[in-house]
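Based on the hints, put chain G in the right spot on chain D.
So you can see what is in the structure, the chains are spelled out below.
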Amino acid sequence: MTPAISVSGLTRRYRGHAALDEVDIVIEPGTITGLLGRNGAGKTTLLRILAGQEFPSSGTARIHGAAPAEDEQVLRRLVFVREDQVYPDIKIGQALRAASWCCPNWDGEFASSLLEDFGLQTNKPVKRLSRGQRSALGIAIGLAARAEVTLFDEPYAGLDAVARQLFYDRLLADFAAFPRTVLLSTHLIDEAAALFENVVVIDRGRVVLNAAVDELRGAVTRVSGPCLAVDALAEGRAVWERRRLGSQASVVLAGPIAPGDREQARLSGVDLTPLSLQQIAVQAAAGAFGSAPRIGLESGFATERTCA
Amino acid sequence: MSTWVKMARYNLQRRENYLVLPWILPFCFAIAVVTVGRQPGRNGAAYLASYFIYFFTLGLQAVGRSLPFALTLGASRRSFYSGTALLGAVLAMLSGLMLAALQSTERATGGWGMSMRFFRVPYLLDGPWYDTWLTSAVVLFTLFVYGIWYGIVHSRWGLLGTLTFIAAQTLVIVAGVLLASFEHWRFWSIGSPTFAGLTTVGLTGVIAALAGLLVVGGQATIRRATV
Numbered sequence: 001m002t003p004a005i006s007v008s009g010l011t012r013r014y015r016g017h018a019a020l021d022e023v024d025i026v027i028e029p030g031t032i033t034g035l036l037g038r039n040g041a042g043k044t045t046l047l048r049i050l051a052g053q054e055f056p057s058s059g060t061a062r063i064h065g066a067a068p069a070e071d072e073q074v075l076r077r078l079v080f081v082r083e084d085q086v087y088p089d090i091k092i093g094q095a096l097r098a099a100s101w102c103c104p105n106w107d108g109e110f111a112s113s114l115l116e117d118f119g120l121q122t123n124k125p126v127k128r129l130s131r132g133q134r135s136a137l138g139i140a141i142g143l144a145a146r147a148e149v150t151l152f153d154e155p156y157a158g159l160d161a162v163a164r165q166l167f168y169d170r171l172l173a174d175f176a177a178f179p180r181t182v183l184l185s186t187h188l189i190d191e192a193a194a195l196f197e198n199v200v201v202i203d204r205g206r207v208v209l210n211a212a213v214d215e216l217r218g219a220v221t222r223v224s225g226p227c228l229a230v231d232a233l234a235e236g237r238a239v240w241e242r243r244r245l246g247s248q249a250s251v252v253l254a255g256p257i258a259p260g261d262r263e264q265a266r267l268s269g270v271d272l273t274p275l276s277l278q279q280i281a282v283q284a285a286a287g288a289f290g291s292a293p294r295i296g297l298e299s300g301f302a303t304e305r306t307c308a
Numbered sequence: 001m002s003t004w005v006k007m008a009r010y011n012l013q014r015r016e017n018y019l020v021l022p023w024i025l026p027f028c029f030a031i032a033v034v035t036v037g038r039q040p041g042r043n044g045a046a047y048l049a050s051y052f053i054y055f056f057t058l059g060l061q062a063v064g065r066s067l068p069f070a071l072t073l074g075a076s077r078r079s080f081y082s083g084t085a086l087l088g089a090v091l092a093m094l095s096g097l098m099l100a101a102l103q104s105t106e107r108a109t110g111g112w113g114m115s116m117r118f119f120r121v122p123y124l125l126d127g128p129w130y131d132t133w134l135t136s137a138v139v140l141f142t143l144f145v146y147g148i149w150y151g152i153v154h155s156r157w158g159l160l161g162t163l164t165f166i167a168a169q170t171l172v173i174v175a176g177v178l179l180a181s182f183e184h185w186r187f188w189s190i191g192s193p194t195f196a197g198l199t200t201v202g203l204t205g206v207i208a209a210l211a212g213l214l215v216v217g218g219q220a221t222i223r224r225a226t227v
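Chains D and G, in that order, give the protein sequences. Reading the first sequence from the start, the letters are residues 1 to 308 in UniProt numbering. Reading the second sequence from the start, the letters are residues 1 to 227 in UniProt numbering.
Okay, chain G solo, but in the shape it has when bound:
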């Protein structure tokens, strides 16, 4: 068994973190039904975000208390990271497949018999099942490794470092939003909701590239982490 797989299994030992996953969707769906199910449009897709946000939390939790014991058992930081990211990738693939299946079911049942949109997110998750699988898996994995990076930063530099990390990203995001909203560049069009003219698959590619950057950043940060 490679050390990556060992570390993935090691992370899975904290079962309660992963046992929450199957319960998020029915819980959020129930809330969507009672809140927007009777409203015009019946768009509850925003509630689906909680599932994605939980992936960020999973990544965040994967480092703090798990890294010290992993190092005690003789794993390297690099293997711990890779094994944890591998676990995130597998979970993202499985979750993406599940979301694609549920989206197809939602379509086939006319929005669960009440014309409700929950698994069909306009532009992002509204294409064929394989597009939905790909996009959701990539986004989930990206959020997972983003969470890992936060966990590493907190583990290495504490609260002050984390706040600095957040501040730096806020600056980047604000700059990005200013650029995107610059009139002449037309990154975002309200008439035709696309980002910089990208198709969903194109945007998925951009997010995948971002995930790659996050993995590189996380790997670079964890290499000098001490416990």
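Bound conformation, chain D alone:
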């Protein structure tokens, strides 16, 4: 099957600075993927290239097997909702009308219900919207477009927690009814974690983690307790992070914890806490996984790649 999104050797340089550096990603159709990373990591540049709004210095980016730049057959199959979306001086209703002309799978009723959910009125000029309301408009367009490939770049900047939850709920419900490929860039990782099937973490223009969320869940554990007991449990394992305070120690262990080890931890008063997706992303951005185009868990957790 042709991947929905495939990126190979993608590099984008700005006056000597590599915003993206030899990025390789493959995303299968019908999945929701989280695109994670620090500010300036290269997430927006990647999404802009995928949407044909930016051009790579080298490498290729393909949507359903074709390069998106200036190819309307490809472009009409995707929608890109940006955090900093610039709108012309039009009203909300006019923006939706323009979207209905351009998006072949547009659902006007769904768009109207989203506007109602977010408390937006069609006769209001876009330039008078608050930041959160603009984000809500972008979300309404991005969801109602039902494009085969939907790219969201921090779509909920300025939205309150209730509105963000509304976005997650509506996205999941509509995704279930109309499966599509969604690539969502976000900083609110734990909040959005339930949406993701896969995550791609980018740091300084390079992919540092590309894995299925199911594989990551419970695969990295923080072990804390008496130094001796923690050291005993960590022996021979990949240790990403090690902290020590007096007689207490805390380490981050990569790899699953066997039932025998859990029992040993319980008996010796050691706490085992699985790292959340956000904590894993932080570790990845800090270099715990090394830097490789596609990191499976087996290779990612290899001892020699750790930063113990």
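Honestly, the hints are just simulated from the structure, not real lab data. Keep in mind that this is a model prediction, so the values were computed, not measured. Among the hints, erroneous ones may be present.
Listed next, the stretches of chain D that the computed footprint assigns to chain G, with coverage defined by at least 3 CB atoms under 8 angstroms from CB atoms of chain G [as the list claims (entries may be wrong)]:
1. 70 to 79
2. 84 to 94
3. 188 to 199
Some but not every residue of chain G turned toward chain D, in silico, with C-beta under 8 angstroms [to be verified]:
4. Arg77
5. Thr162
6. Val227
DSS-like cross-link-like pairs, simulated, lysine-lysine; straight-line CA separation at most 27 angstroms [as the list claims (entries may be wrong)]:
7. D:Lys91 <-> D:Lys127
8. D:Lys127 <-> G:Lys6
9. G:Lys6 <-> D:Lys91
10. G:Lys6 <-> D:Lys124
11. D:Lys124 <-> D:Lys91
Just so you know, even glycine gets a beta-carbon here, dropped at the ideal spot from N, CA and C.
Leaving out everything else, chain G in the frame of chain D:
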């Protein structure tokens, strides 16, 4: 609906830009009446220039804030340009027709009853109605695509790029004026006001060719524009 038509309609969404158009002529006419209406010659045709200049502004405004959202909706740069230029062409045709009708009315009423020239511009717009329609439509469209090109240059290279663009054109224009005023070549004759011996229709053809160049230049510039 083709993407060009979609983009033309998309541009028309910013209605306030186009709602200004019908008000420019009566406004300028009123100014011409009170300023030159009582003077000898009563030639207010220069005030008509504002209508043409507004077309340049329309083209200029068509790019800046409209292009990013058009790309978000899945249009290509090429289609956005073509759709916007299509809108400009239709507006220019309609405006040209209106100017030709008003010119005929001005002639029939003896210069609005006061021997005033407003829609009759010597040499350029002073022939039969169809010449006026053709010439004004071509000039309006040329100014529109010229404005689009400026908008693209500003969108792509910012203020510095725009200033460089202006400087380059200034050099070309100055060189052109020097050539045109070269005594032996006689591009411009005061005794018989024509440009390089061209008829109005001939000059319209030259301007149309220039519009073609502007379209090619604009298309080439927008193809690598990023938002």
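Going down the list of hints, with the structure as the test:
Here the region 70 to 79 of chain D counts 8 residues with a CB under 8 angstroms from a CB of chain G, which clears the bar of 3, and the coverage holds. Here's how the region 84 to 94 of chain D fares: 7 of its residues keep a CB closer than 8 angstroms to some CB of chain G, so the rule of at least three is met and the hint holds. Coverage of a stretch by a chain is defined here by at least three residues with a beta carbon nearer than 8 angstroms to that chain's beta carbons; for the region 188 to 199 of chain D and chain G the count is 0, and the condition is violated. For Arg77 of chain G, the shortest C-beta to C-beta distance to chain D is roughly 6 angstroms, which falls under 8 angstroms, so the interface hint holds.
Interface hint at Thr162 of chain G: violated, since its Cβ lies 18 angstroms from the closest Cβ of chain D, which is beyond the 8 angstroms cut-off. With its C-beta approaching chain D no nearer than about 5 angstroms, Val227 of chain G sits inside the 8 angstroms limit, and its interface hint holds. The straight-line distance between the Cα atoms of Lys91 of chain D and Lys127 of chain D is roughly 8 angstroms, inside the 27 angstroms bound, and the hint therefore holds. At most 27 angstroms may separate the alpha-carbon atoms for a hinted pair to count; Lys127 of chain D and Lys6 of chain G meet this at roughly 22 angstroms.
Restraint check for Lys6 of chain G and Lys91 of chain D: satisfied, since their Cα atoms lie roughly 17 angstroms apart, inside the 27 angstroms limit. With a C-alpha separation of about 22 angstroms, the suggested pair Lys6 of chain G and Lys124 of chain D falls inside the 27 angstroms cut-off, and the hint holds. Annotation: proposed proximity of Lys124 of chain D to Lys91 of chain D holds, straight-line Cα distance about 5 angstroms (limit 27 angstroms).
In this structure, the hints that do not hold are numbers 3, 5, in rising order.
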